[in-house]
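Enquirer: With chain A fixed as given, assemble chain B onto it according to the hints.
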Amino acid sequence: MDKKAALETLMRLALAGDQRAYADLLQETARLLRPFLARRLNQSDAVEDLLQEILLSIHKARHTYDGNRPYRPWALAIAKFRLLDHLRTHYADHLRHAVELSEVENILPGHVTESALTYESIAGEIDKLPEKQATILQMIHQQGYTAREVAEKIGMKESAVKVAAHRAYKILKKKLGG
Amino acid sequence: MGNTEELIKALAQDATPVKPVAHPFVQCAKWMAGGTVYVALSVMYLGLRPDVMTRLHSPMFVAELGLLGGIIVATILSAALLAFPDMHQKRGVAFAPVFAIMLFVLAIFLAWQADNPPSALPEHNVECFLCITSLALLPAAWLLYSMRKFASTHPYLAGGIALLCAFSIGALALRLSEQTDSMAHIVQWHYLPMIGVGIVGLWLGRVFLKW
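Heads up: the sequence lines are chains A and B, in that order.
Taken in order, the first sequence gives residues 0 to 177; the numbers are from numbering that gives the first Met the number 0.
Taken in order, the second sequence gives residues 0 to 210; the numbers are from numbering that gives the first Met the number 0.
Quick caveat, the hints were computed from the structure, so don't treat them as lab data.
Given the structure is predicted, the values throughout are model-derived calculations rather than measurements.
Careful, some of the hints might be misleading.
Stated by the list, open to error - Here are some chain A residues pointing at chain B (derived, C-beta under 10 Å):
#, residue
1, 75
2, 76
3, 159
For glycine and all other residues, C-beta sits at the position ideal for the given N, C-alpha and C.
Chain A extracted, bound-state conformation (with noise of 0.2 Å):
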């Protein structure tokens, strides 16, 4: 029997009430779709959380499973359906938490010319700093590029440029003390 088939058939047996049918099925289930959300989400905890909502959301709908159709169109559906939610849900807390750029810039100097404080004295801590958010910062404040101009050139959304220039600015702020 081949693997795609063995999936249908163990949804069928688990259907019927057979328990080690549907510990098997939810483990290939699970197989399937770890290197699907880690292909989707960055954190490995975030992975494996979604991962058990998926399989719980999969064991409430199974009624909506009749054995006659292919297994893994209908357990992606669910998992893209759960995976939309997390985002949705992810992205709504971020806009909740984040303070618009121009909030930010209150903290920093107005003029970087005219502070002490300026991209190069900072550098040092600049460059401590994750990759995409370093790069983020020089592009701002080293080349003079607006939050859309990055946007556009390392392909990135304008308002995840912005909470990534917001994240760096926390980080700064706290190790310089501001």
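Expert: Showing chain B alone in chain A's frame:
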């Protein structure tokens, strides 16, 4: 990783026999039967329009009713498929209401053109919308309640389609009982509100079809 293993063990222990829900076409047939009975009862309650036999000789009227019926069938079918996480792997069929609505809009446009000189406007206006909405309440509640037993991964769309279906049922019942032929009135107070109702349905879907 350990937690996932434990979760799988716990879920497997909970694996009692489960009866799969009916095929979407069977579900669709049930909802269709319910919708037909409801339209019939509503028309009986409101009274069949006295000129119905004459109007049934008008191809535009027949096309309008037929396509409104088509929207009901297409939305019921779509709702039945959207209730499944994977749309029962019949994605194309789930979008059938798009074609039904396009044809309906075309028929209404032609009927409006044919309503020349325009028929007299009735004295009432918003009452029609309120009547259709009242008639749609029960089918909407029934559809949303039935769909909750499934596991839709498109709750917004499913909610919108369910409400569109319920409103079409109400609109069909009223069209069969109200003796009005002014297309301006019918478009404005019978059919245009469908757009708003569909939007409300998107929100209701999010609220009621969450799982």
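Enquirer: Evaluate each hint against the coordinates.
Expert: Results of checking the hints against the structure:
{"no.": "1", "hint": "75", "in the structure": "holds (8 Å)"}
{"no.": "2", "hint": "76", "in the structure": "holds (4 Å)"}
{"no.": "3", "hint": "159", "in the structure": "violated (25 Å)"}
Going through the hint list in order, the structure does not satisfy hint 3, though it satisfies all others.
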